[in-house]
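2 protein chains.
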Amino acid sequence: MKGIIVKQTETGNCLEYQDVPAPHLESSDLLIEVMASGVNRTDLMTRNRQAGYADGPVPTEVERVELGVEISGVVVQIGDAVTDFSVGDHVMGLVDGGGYAEYARMPASRAMHIPEGLEFTDAAAIPEVFLTAYQNLFWHGQLSEGKTVLIHAGASGVGTAAIQLVKQVPNTTVIVTAGSQEKLTFCQSLGADVLINYKEENFTERVLEATEGRGADIIMDFVGASYWSRNLESIAVEGRWLLIGALGGSLVPEVQLFDLMKKFVTLTGTLLTPRTAEYKARLSHEFLARFGQAFTDGQLRPVVDQVFDLSEAEAAQQRMKDNLNTGKILLTNRSV
Amino acid sequence: MKGIIVKQTETGNCLEYQDVPAPHLESSDLLIEVMASGVNRTDLMTRNRQAGYADGPVPTEVERVELGVEISGVVVQIGDAVTDFSVGDHVMGLVDGGGYAEYARMPASRAMHIPEGLEFTDAAAIPEVFLTAYQNLFWHGQLSEGKTVLIHAGASGVGTAAIQLVKQVPNTTVIVTAGSQEKLTFCQSLGADVLINYKEENFTERVLEATEGRGADIIMDFVGASYWSRNLESIAVEGRWLLIGALGGSLVPEVQLFDLMKKFVTLTGTLLTPRTAEYKARLSHEFLARFGQAFTDGQLRPVVDQVFDLSEAEAAQQRMKDNLNTGKILLTNRSV
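Chains as they are written, first to last, in numbering that gives the first Met the number 0: chain A, 0 to 335; chain B, 0 to 335.
No wet-lab data here; the hints were simulated from the structure. One thing to keep in mind: the hints can contain errors.
BS3-like cross-link-like pairs, simulated, lysine-lysine; straight-line CA separation at most 27 Å [to be verified]:
#	chain 1	residue 1	chain 2	residue 2
1	B	320	B	198
2	B	6	B	320
3	B	261	A	320
4	B	198	B	166
5	B	1	B	320
6	B	261	A	261
7	A	320	A	1
8	A	198	A	1
9	B	320	A	261
Beyond 10 Å from chain A on every Cβ pair, some chain B residues (computed) [said to hold, decoys possible]:
#	residue
10	17
11	25
12	30
13	77
14	118
15	223
16	255
17	261
18	262
19	274
20	300
21	305
22	314
23	322
None of these values were measured; they are calculated from a predicted model. We treat Cβ as the ideally placed atom computed from N, Cα and C, and that holds for glycine.
Turn these sequences into a full structure, and let the hints steer you where they fit.
Put into structure tokens, the structure is as follows:
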């Protein structure tokens with residue numbers, strides 16, 4: 000089969016489309032013919048072996064497909080222990096790497112039947128971003144009626160999913176930041192209530208203004224260090240601060256713990272990719288049960304930015320690195 | 000009536016026992032003849048007007064009793080709107096300052112009937128430390144069967160309460176740190192499983208050893224900055240880190256957010272004294288309903304270090320400042 004491998008070079012690395020070995024199937028796995036695969040920041044981190052994603056020395060060459068944490072496709076083989084899926088089923092879900100390929104292995108415990116009415120490209124745009132937004136908003140953020148949520152990078156994949164999920168809860172207010180009017184307008188079309196261009200405005204001032212000085216109950220923070228002080232000023236008493244990325248750096252030069260104590264802040268650092276199989280299974284099931292129908296009904300929609308051919312994975316990742324996307328960047332197989 | 004006021008002097012301040020005005024009663028309040036009052040670190044902070052407790056300029060003199068956040072005593076008067084307490088009831092609970100006095104005002108919504116069999120001095124040793132431990136362990140820490148809890152300052156008021164509350168949950172492991180063998184032995188008598196003398200041992204090594212490298216599921220952190228890195232190394236994946244004091248400083252010179260993200264850590268900064276009346280009422284009711292009987296049965300016991308006469312409040316606070324206490328330091332009225 001064909002797939003993308005990371006080729007280490009003297010100056011860095013590149014992605015190569017080539018023949019690779021088919022994945023090995025365990026008895027609890029599904030073998031999926033991949034129809035579409037999502038591009039995620041975690042792939043960029045894995046590729047460059049950044050801390051927290053893949054520890055250890057940089058290998059000189061990788062011969063197996065390791066990039067790609069979510070796919071949609073057709074079940075072509077099932078492990079001996081699998082009972083709840085059949086060959087031919089259309090599924091979507093998280094994989095433990097290997098999504099940038101013609102075939103991929105997915106533990107059946109976390110596979111989700113594709114909601115009726117969705118294309119494979121819609122479906123591949125769901126798992127990583129909606130599950131990330133779901134675990135953060137509902138499990139860690141304790142989102143409930145009437146809450147105000149500040150979502151940084153509102154036009155990102157997770158951002159567009161989070162805006163929609165928050166607005167499924169009555170009387171919530173969504174405040175988003177983004178770097179262009181175009182992105183903000185798109186966020187508004189998804190339901191965002193307050194739009195902040197971070198390049199032109201001080202987001203803290205706008206958040207306090209929009210909440211009558213109270214601040215946001217929940218912050219979805221993809222930025223980290225460079226926004227630390229401003230997030231702290233923007234959060235409400237008893238606020239829940241969800242730290243899920245560090246696009247603005249990971250090292251905060253000075254933290255006053257008393258600032259967190261005074262406001263009774265709960266700060267949760269979390270990632271999805273390194274979670275256990277059990278966690279991913281539980282999250283996938285709960286999410287699909289609660290919101291699967293909402294996709295069919297059109298209340299929730301996967302946001303697809305651009306679809307690249309699998310062989311163009313390098314260009315697809317470059318688009319993400321350049322922050323050009325609104326919603327998900329996907330890869331499809333030439334054969335599809 | 001008599002009470003303790005903070006007298007500002009040119010070099011600092013001192014506590015004076017003198018005639019003070021009686022508290023003003025609102026319709027939802029109880030007037031309590033104070034039998035005993037707890038000394039807490041929050042009193043030391045209030046006295047010195049430290050950030051987070053009492054903002055604004057240092058007044059030159061304070062003519063009303065402001066110290067003292069918990070008392071036990073007898074109801075001598077009830078507000079017009081109070082229905083669930085009567086004159087003569089024996090109660091304990093949190094007050095909004097004013098506990099270092101002969102009489103104090105307590106909102107009826109948070110008053111707790113003293114569990115049968117307890118003396119007033121036992122009862123005054125319960126509210127602040129047991130409610131603090133309860134909110135942290137059960138509300139923020141999500142304590143459940145089989146968890147391992149690291150409690151710093153195990154012999155402190157909150158520490159001794161926390162050890163006992165954790166051990167009410169089956170199959171839990173309590174690891175404590177303290178600065179002397181005597182304190183550690185006392186912690187053991189309350190149920191602590193692993194004893195660490197922080198002056199002689201590296202607590203991180205001992206915690207990892209005791210948990211087969213997994214780390215503690217919950218950390219009760221009264222120390223803050225000086226333990227930051229060691230707590231981070233000592234916490235388990237998905238651990239809950241409860242920051243409730245900063246005896247070791249509040250300013251952490253460098254925080255790597257990725258360290259929190261990699262381990263999926265939830266850090267909650269919290270204090271009890273500045274919480275809302277509604278919060279204190281809910282906490283007091285829930286705690287008493289769940290654990291009130293356990294005091295009568297002897298499964299839980301208030302730990303009293305030493306009882307001072309109200310007029311000796313200065314000496315009582317000094318004992319706390321010097322970290323000499325094991326359990327609670329109390330004040331009683333001469334007239335009792």
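Status of the hints after comparison with the structure:
no.: 1; hint: 320/B with 198/B; result: holds, 18 Å
no.: 2; hint: 6/B with 320/B; result: holds, 18 Å
no.: 3; hint: 261/B with 320/A; result: holds, 22 Å
no.: 4; hint: 198/B with 166/B; result: holds, 25 Å
no.: 5; hint: 1/B with 320/B; result: holds, 24 Å
no.: 6; hint: 261/B with 261/A; result: holds, 26 Å
no.: 7; hint: 320/A with 1/A; result: holds, 24 Å
no.: 8; hint: 198/A with 1/A; result: violated, 42 Å
no.: 9; hint: 320/B with 261/A; result: holds, 22 Å
no.: 10; hint: 17; result: holds, 32 Å
no.: 11; hint: 25; result: holds, 24 Å
no.: 12; hint: 30; result: holds, 30 Å
no.: 13; hint: 77; result: holds, 31 Å
no.: 14; hint: 118; result: holds, 33 Å
no.: 15; hint: 223; result: violated, 5 Å
no.: 16; hint: 255; result: violated, 6 Å
no.: 17; hint: 261; result: violated, 4 Å
no.: 18; hint: 262; result: violated, 7 Å
no.: 19; hint: 274; result: violated, 8 Å
no.: 20; hint: 300; result: holds, 29 Å
no.: 21; hint: 305; result: holds, 28 Å
no.: 22; hint: 314; result: holds, 28 Å
no.: 23; hint: 322; result: holds, 20 Å
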